[in-house]
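A.B. asks: Now for the letters of each chain:
There are 2 protein chains.
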Amino acid sequence: MIDNNLYQLHKELRSLLGTRFITDRTVRETHATDASYHKGSIPDAVVFPKSNAEVSKIVKCCDKYKIPIIPYGTGTGVEGAVVCIEDALCVSLNEMNEIISVSTEDRYATVQSGVTRNQLNAHLTEIGTRLHFPVDPGADASLGGMAATRASGTCAVLYGTMLDNVLGLTVITTDGTEIQTGGKAIKSAAGYDLTRLFIGSEGTLGIITEITLKLARLPETISAAICSFHTVNDAINTVINFMNAGIEIARIELLDEIQMDAVNNYSNLDYEVAPTLFLEFHGSTNTVTEYSEDADRIASENGSVDFRWTTDENERKRLWQARYDSYFAALNLRPGSVGYVTDVCVPISQLAMCITETKSILVKSNLLATMLGHVGDGNFHVVFPLEPGNSDELDEAQQISNQIVDIALEMGGTCTGEHGIGLGKRAALQKEHGNAVDIMRTIKLALDPKNIMNPGKIFI
Amino acid sequence: MIDNNLYQLHKELRSLLGTRFITDRTVRETHATDASYHKGSIPDAVVFPKSNAEVSKIVKCCDKYKIPIIPYGTGTGVEGAVVCIEDALCVSLNEMNEIISVSTEDRYATVQSGVTRNQLNAHLTEIGTRLHFPVDPGADASLGGMAATRASGTCAVLYGTMLDNVLGLTVITTDGTEIQTGGKAIKSAAGYDLTRLFIGSEGTLGIITEITLKLARLPETISAAICSFHTVNDAINTVINFMNAGIEIARIELLDEIQMDAVNNYSNLDYEVAPTLFLEFHGSTNTVTEYSEDADRIASENGSVDFRWTTDENERKRLWQARYDSYFAALNLRPGSVGYVTDVCVPISQLAMCITETKSILVKSNLLATMLGHVGDGNFHVVFPLEPGNSDELDEAQQISNQIVDIALEMGGTCTGEHGIGLGKRAALQKEHGNAVDIMRTIKLALDPKNIMNPGKIFI
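Taken in order, these protein sequences are the chains called A and B. Everything in the first sequence is counted per the working numbering, starting at 6 for the first residue and increasing by one. Everything in the second sequence is counted per the working numbering, starting at 6 for the first residue and increasing by one.
Don't read these hints as lab results, they were simulated from the structure. Any given hint might turn out to be false.
Each pair may be met inside one copy or between any two copies, as identical chains are not told apart.
What the hints assert, rightly or not - Dumping the calculated DMTMM-like pairs for lysine to aspartate or glutamate here, alpha-carbon to alpha-carbon at most 25 angstroms: (1) Lys69 / Glu17; (2) Lys364 / Glu110; (3) Lys69 / Asp49; (4) Lys436 / Glu183; (5) Lys65 / Asp443.
Just so it is clear, the structure is predicted and the values come from calculations on it, not from any experiment.
From just these sequences and the hints, can you work out the full model?
C.D. replies: As structure tokens, this is what we get:
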């Protein structure tokens, strides 16, 4: 039955999309999974719609033949949210890459969901605006994928996450209906907040096809600073003191000593092999200078070893190079390794203790691990460079990840600050939210009664 | 059947709550409706639970006997969201007024939902924090009611609305289950955003019993300013220029000339009878001075008649008196009148035109009307002081409100920036969101299959 349905589906999609219906094995293989260790089936076909109407028709076909859909952005996620299952159709949003409109006066942009954040920011510069889209998860992810996973990243401490930076969405629901959520007004009290319901739903409730994003003014000046500390505790106390002093920092990243060692090796740098804060300040030249000076003083009071800062763009990039390279530097500690990454987020008062307890687990393990985090948000990551195919190592990493989640939950935190649930954190979600997950499941069942939209994700 | 069910319900609730189960007519009458023109049935009983467990038991009873529940905060809403229907039980959250915990380090407070914003802010001062909860809808509303209606108000331009200022909720769902949404971490990617789903759901999906709120640092200095203009257009261009210049303003309120006349009469003041901006700046003394000077210059460039500002607290309160008094001043234009208030919100580039078109409708009407708004958000209100019981006037106000909604929607705006849907904007919601309302309705039906939770609100 499935086979016949698949045959009919493929026939209709080929006729709808022509060369944008693809069964080439190489293309299918590159759409089987995301950037993580999760393994996926190879999709039977990958389609590349260009419009809301095409996405709607694709979903209607899949609804008719009960074929599961995996919406696919850039595949840069790390919890398996776009991992393919058997007999599923992969719907890539890659060719929905049009920037539909930009309003400089109202400071928003409406884009198709395949537009990446770098593409949008380049466009904003090109057309001469002094605006940018500030949510920066590191990867040049698609904005649709970022919305679907409630992405966050280094700038969230000042600018917020995708939750805070989306005004409205166009979504194709599970029966192929096109709906508009939110709008272009800066606030609204009109009914249920469907925008925020779809943000973070990881493609399980519908396909986000267009997004209206808030834009921020480019700061007059950006300054960068780095400073290292004897202990992680000192570094985090410094961050808490920054915040209590009302110093607005656009990025506050912590790299532990192992990560710093990795970066020194990878990029031929000579930073202290010690817990290190990377800071970035956005604002007027006066404000940025004032903040940097205050930060230097507070860091000193907490025993910082060194405080270097600059407003020069090239110097700033050089200073932050260690942070930019951190993921590949971690993998390079063990050439040929594959990365296993986990993240949790706790109230900032608990962060030092959470990291300390995490590190005490890591030192007892045989696995190599580095730690880095968006500590202004109380969010940190552990990266394990694993031997590909070594299931013992994978099991151990998974166990440690579970322990870290338990520690974070015990402290009032969450099992994931920004990576999402996907496949990897489903049990953790259940542990964190208990019977609230039943409410989530009821919503999923009501909006996707045939369970065709990214089935198996989020829920066990 | 209903009668017997009601009898059984009341018997069980009386036994559960004792003197906090109330059938006294005066109490019931004061819980029939909100602060608006909407008429409600008198509830058969009003209950005053004190704990999550009691709310859960009440909901379980109502679920068993299929008796509708109207969750009730302070009754300060204006779109009829808490208006009672026949045979319903009014669940007042008034005695759930405990401030459960305050974390100065993580800057959050967890409160029961009957705690009002003034109560919380007084407590934060009393215990010596330098923190405040900044969402200010004017009325001293309960924080649960504010969450349930996605409240906003004068400070939203700087601090955001309830959407932005809640970390997590305790909710009793429609079958009496207690769930926790969100948490205490500043961000999370753990599953569907139930927090934001319940915020703005107006009591139709469950009863919010506890809220964890983000707190903001009290500003070092607050300065206030007012300036008047020849036209509304000049005033709004000034606001747009403020924003483009990156001047951060905590409150930006516009009162039209009729509203200013009303206030002069009501409070014996001598302001210009002209469109007037009321401004408030929060920050360091230097920043606030700098912003005020920049604002003065920009206002002058847009032809402001006068610009008065101060950082002295008493002087500041005096300066803003006109704004504080505005609603009662409007009603006082016609002693004994009852207020009909409507609100819309548009992208700020459209605000001047939206207000101009609105005023051209108002001048053609026989009704008296004043206009005021949170113009930094593109949000404005029209207040009609109506003769009580005059249905012709009510019809005309309703018709004009519909026309204003049409104008706002045409400009990419929303039918309500902050008052919510309740009973009054149900048709407008349908007009604004079309088939997205079907998705909202599907969620309502899935989470409240017996339709006992504030039935008849939001949806036609």
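A.B. asks: Now, for every hint given, state plainly whether the structure supports it.
C.D. replies: Evaluation of the provided hints:
1. Proximity of lysine 69 to glutamate 17 under the C-alpha cut-off of 25 angstroms is restricted to the intra-copy arrangement: shortest distance 11 angstroms within a copy versus 49 angstroms between copies.
2. With identical chains, the CA atoms of lysine 364 and glutamate 110 are at most 25 angstroms apart between copies only, with a shortest distance of 23 angstroms across copies and 48 angstroms within one.
3. Taking the shortest Cα distances, lysine 69 and aspartate 49 sit within 25 angstroms of each other inside one copy (17 angstroms), while across copies they are farther apart (49 angstroms).
4. When the C-alpha separation of lysine 436 and glutamate 183 is checked against a cutoff of 25 angstroms, the pair qualifies only between copies, where the shortest distance is 15 angstroms, while the shortest distance within a copy is 34 angstroms.
5. In this assembly of identical chains, the alpha carbons of lysine 65 and aspartate 443 lie at most 25 angstroms apart only when taken from different copies (17 angstroms versus 27 angstroms within one copy).
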